[in-house]
Every structure is written in C-alpha cells, then in structure tokens.
Amino acid sequence: MFIGDAWYVAAWSDEVTAAAPFGRRICGQPIVLYRQPSGRPAALYDSCCHRGAPLSVGNITAQGLQCAYHGLVFGGDGHCVAIPGQDVIPKKAKVRSYPVVEKDQFIWIWMGEPSRADASLIVDYPFHEDKRWPHRHGVYHVASSYLILADNLMDLTHLAYVHPTNVGGEARPLIDAEMQVRPTDRGVFVKRWMANCPPPPTYRKCVELPERVDRWQEFEFVLPGTVLQWNGAVGTGLGAQDPSKREGGFSLRLLHCVTPETETTCHYFWSAAHGHQADDPEATERLCREITVALEEDKRIVEVQQNRVKETGDGWLVDIRSDVARVAMRRAVAKARETSGPLMAGPV
Amino acid sequence: MKETLHVRVAHKRREAEDIVGFDLVSPDGGRLPSFEAGAHIDVHVSEGLIRQYSLCNSTAETDRYQIAVLLDPASRGGSIAMHRAVREGDVLRISRPRNHFPLNGTTGRPLLLAGGIGVTPILCMAEQLAQARADFEMHYWTRSEAKTAFLHRIRSSTFAANVSVHFDDGPAEQHLSLQSVLAHRADARRAYICGPLGFLKAARDAASEGGWPDECVHFEYFKPHAEGGLTPGAFEVQIASTGAVFVVPPDKTVTQVLAENSVEVPVSCEQGVCGTCITRVLSGAPDHRDLVLTPEERARNDQFTPCCSRSSSPRLVLDL
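For the record, the sequence lines run as chains A and U.
Our numbering puts the first residue of the first sequence at 1, with every later residue one more than the last.
Our numbering puts the first residue of the second sequence at 1001, with every later residue one more than the last.
Chain A extracted, bound-state conformation (with noise of 0.2 Å):
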C-alpha cells in the first residue's frame, strides 16, 4: 500500500521531452510522462479511453498526446481534444491526469486526491543549480520495494560491510559512531559523527587529507522517499561538528529520492554534488565513478535481500542497534499510511 498524499519523483527533467513521451510504473499505476508544446510537462493514465493501448508509444503532436492506434489526441488534462472522423467528442473520452511540477530538475507527480496537491510541500534542494555544488545525477531501476531501499539509507552501518573499499572504509568508526536520531514534522533526521579516524578509499582518492580526520554524516529522510544527505571529513580537531568548519576536506551531498514502481520494485534517482574542488570538472567526474560504484554495490544487496524476503515475509525479522534511525523512518511511513488520502489509482 501506498502513501497517496505524496509527491514522488516521477523523472529527472531531461528524460521528460517535447520529442517522445515516455511511460514509467509509479505506485503501481502505469503512467505517460511528455513535455507539451509549450514546455510544460504532463503526466496522463497511460492507456487511451478509445481501445486502452500505451498513450506512451504515442506521438506529441501541436494538439496533444496522440495514441498510436487510432488517433485520438489527449490535452495534459486528460480530456479527449480530437477524435478523427467525428465532431462529437463524448464526456467520457478522458484518462486521469496528475498534477505534475517541475523542480530542481525533477519532474514531481502527486499521486493522491489532485485538490490536495500542494507544491510547497516539495522538498527544495537547490544544490542542483548551485555552481559551488558541481553535480552528477542517475537514476537505476531497482528490483526491491522502496522501503527496503530507505532502509538501505537509513542504516548507516552496512557501509562498513557493504562499501568498506570506497564510501565505507574501516568497521569500527562507523559501528562506534555518535548518532542522534530527532523525528521531524514529515520523517526524521539523523546525525553521526565519527571523530579521529582514518579516512575511507573514496575520500583519499577525492581529496588531499590528513591520516586522522573527523566524518560527519547527515541524513534527513522527508517522506514518501526522499533521503538528504550530506557527508565528509577534515583533519581531526578542526571542529567540524559546526557545518561552518566543514572547509578544506571532502565534502559530498548526495540526494536519493526513490519511487515505488510496485510493491517490489522500485525507481532510485540520485544525485552526487561535491562541495571540494568545485571549479575541477576532472573532479566531478571522479567522484561521480566513485559514486556509483557504491550505489552498484547497494543495488546488488538490496535485490537479493528483496528475493529472499519475498520468499519468507520480514515478520521473522529482528531489529539490532543500528536500526533506531531506519525505525524512526519505518515508524513516519506507518503514520502517513495512516493518516493519507488515498492513491488515485485506475484510468479515470
């Protein structure tokens, strides 16, 4: 089941263009994303209310979306424009369309009741657009449901096991971290702080450090999927724990927004922005083969751990220290399941 009452990221902005339309899978319901002549992108049902094929094998045309099959031309609110062959254009010729809007370089979709659609609850991250923050970004299909991917995030413990040659490094710095766990209005927010410690492979190959540093990891997880994270290290001592100290080491924002696209699969869009060397396009690109070779590795653990779960259910499961931050998470899902509207779900 699915939080209604959400904005999911549905794209990046430029996988949405006035060229072809596109579909996707989000919360289950098949959907067709395109870019209208003027710009503006539109997110329809996809399946046309003449005979219910793909509107996304379609074709954008100065009217609309036109099916493939027969013609007809759909306007970004759903309602049929044009049927060849005939004036009458019945009220019943519509499919359901969702509010979309276009931020930060995504393309957001509200899947709940569309009067409930409220564009200020969008988180904001502006490091997209920020010069000082030179960013990658992807998107990888994922065979595991979306919250066993959050709780990837949300534990921060398996980089000592899942990514000890890059992002990770040495066990017992991330075992012993300092954490502080603080429920937020919509999800939860995490601080780990691992003082005097050897940097990890990532961090040394990035930047010039010394062998003692100070890392600092920072996690907010905003409901439905959205995870804000903000890493790095500077030589130990140097007072990192005030963000106003965090100059002169590695520093990486990377920004994970993951959809469900069923109850087991799910679509994680990421992005990686670094705060060191910010005029090094050299640099970027550095991190960024650093980066997903992490991600890799948490795509390789997260399908096969979903396999085996499918297999056996997670009531079994038994919760160890590391997991008051992934609880706290789990916990805000279970409330906003609650208290949502429900998903606009079918054609109409």
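These are computed hints drawn from the structure, not numbers from a lab.
Being a predicted model, the structure only gives us computed values, none of them experimental.
Careful: at least some of the hints might be erroneous.
Residues from chain A that face chain U, not an exhaustive set, calculated with beta carbons under 7 Å [to be verified]: (1) Pro183; (2) Val318; (3) Asp319; (4) Asp323; (5) Val324; (6) Val327.
Just so you know, even glycine gets a beta-carbon here, dropped at the ideal spot from N, CA and C.
Keeping the supplied structure of chain A fixed, place chain U upon it in accordance with the hints.
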C-alpha cells in the same frame, strides 16, 4: 546517587493537616550545595527506604533545604516514618539536589499549577520568579483550607497577588477548573505542573485540549511513592484485565517478569529499538529507556516498551 551528604533536622513543624515541614541544615552549620527551582533530594528515611522530596524554600537560601511531607494513608513506611519517627536534631542522609523539573527561563509569564502537596516545587519556582522580578501566574488547588500547606507564607509573600488558591470545599466563586486555566495558550508561554497522578492526568488532557505544545508543558510527578516493601529500583506492574500485580526487581525487565508469570507480550529486539513490545499504560509514569518513541510520545506516558523501560511511579497499570 553516590554523592550523599548528611543533614540535621533543624525544625519540624506542622504545615497543614497531615503535612509536616522540615528544615534540613548542614550538621556543621555550613553552606549546602546550591539548587534551582524544581529540584528534589532523595531522603534515606531508614535503611533501604529512600523517598524523593522537592525542595520548597527560596533558592537564594544557602543554609537550609526545606521539604514538606504528606502523610499518605496508604503509607507502608516512608511518609509514616517522616511524620512519626524523624525528630528535630536527627541526622539524615540525603542526595545532592537534582533537577528533572527546571524552569525554562523567566519570560512569557510562566503558568504554575499545583495540586495538593505538589505545591512544593511550584512554590520554589514562584520564589525564584519573584526574586527575578518576573511576572507569573500561579494556581493552587487543595481539598480544604485546613489541608493547605504554606497558605500563610503565600498570602504574606511579595507575590501573593500572583497566586489564586482554590479550595474544593470553598465557595463556588473561588472554584476554577484546570480546563479554564489551560483553555488558551499565549505565544511562548510555558506551564509547570505538579500534583498527584490524577491531577496531572487531568492537567495533561486540559493542556492538550487547550492547544499547548507538549514541549511547553512541564510535569513533575509528585510521587505517592513506592511505600515500603520494594527495594530501590523495583516497582510493580498490574495487569488491567486480571488485576494481577507483579514486582519487577531491579535486575529484571518487565517482559521477563511477565513471561515468568505466563503473560505474553511479543518481543523482538529486547533493547527498545523495534517497538514490537509497545504496551499501553493506563496509569503510572513510565521511566522510558527506549530508542523508538518520539519525545512527544514519551511525554504522554500512555505507552512504553516493557523490554527495557522501567517506572518512575511505584506501580504501572498495563493495558494487558
């Protein structure tokens, strides 16, 4: 807890019907460790019998601690001993003052609410606010004038005009409900509330109805405490459906004791992470030691994790 000191009972006097007050001073007449309004001390009444009492004198005083003790009809040791056995001149062992109920600043016209013997920390707050020349509003509810401790002290104080006393058996025009006092909250205002459990529960409901954010309402559980029998760190749990009562000793968890008595509570992580065992609490004040409830959920005291949390009140009644 290790840091105890000895004090001499300099004065013992009747403050009201069933309430005696004590002035505790340093045996050598010297200064005592300082304290803030809302602080309490542990009094080692006799071997193995420890009771907490709030300090009720002015924090400006450095030579004495003042406490007041209500004789609890259900007493199984503590208040009876304080009333009958402890005499002027006796030397008692106490802890240094500790404060779980501090004032958060003096601005915003703090609202002080006391029920019965819960007046002790509230009076100390009133003294501190008056000394800081801060405006505040205090209400004090008691059964009757005869059972009202510190009435003369309040009426002759510099802050008498800030205090309204309400007697249950008094004329109707001086009655005032918690609901009406807590009906509207002004911005930045905080409330400090102390009294018996029933009073606190009513106050919590009234505050929540009046739209007070949890973090602006501060409660002190004036404990009609673990009288008698129980060793320190032990408490009782009662199963609401059957009435059965079990003692939880300091070295066992609630879920262990329940399992030994064939009361099944589902448990998973055993350390307050997962929330599987969360159980509703119908009365009593849990001592929350989990990592799963939010601060607001903990403050409501209507649920707890029996796998690791304990009790601040002598008994918890569980919705099992």
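Each hint tested on the structure:
| no. | hint | result |
| --- | --- | --- |
| 1 | Pro183 | holds (5 Å) |
| 2 | Val318 | holds (5 Å) |
| 3 | Asp319 | holds (4 Å) |
| 4 | Asp323 | holds (5 Å) |
| 5 | Val324 | holds (5 Å) |
| 6 | Val327 | holds (6 Å) |
Of the numbered hints given earlier, the model fails none.
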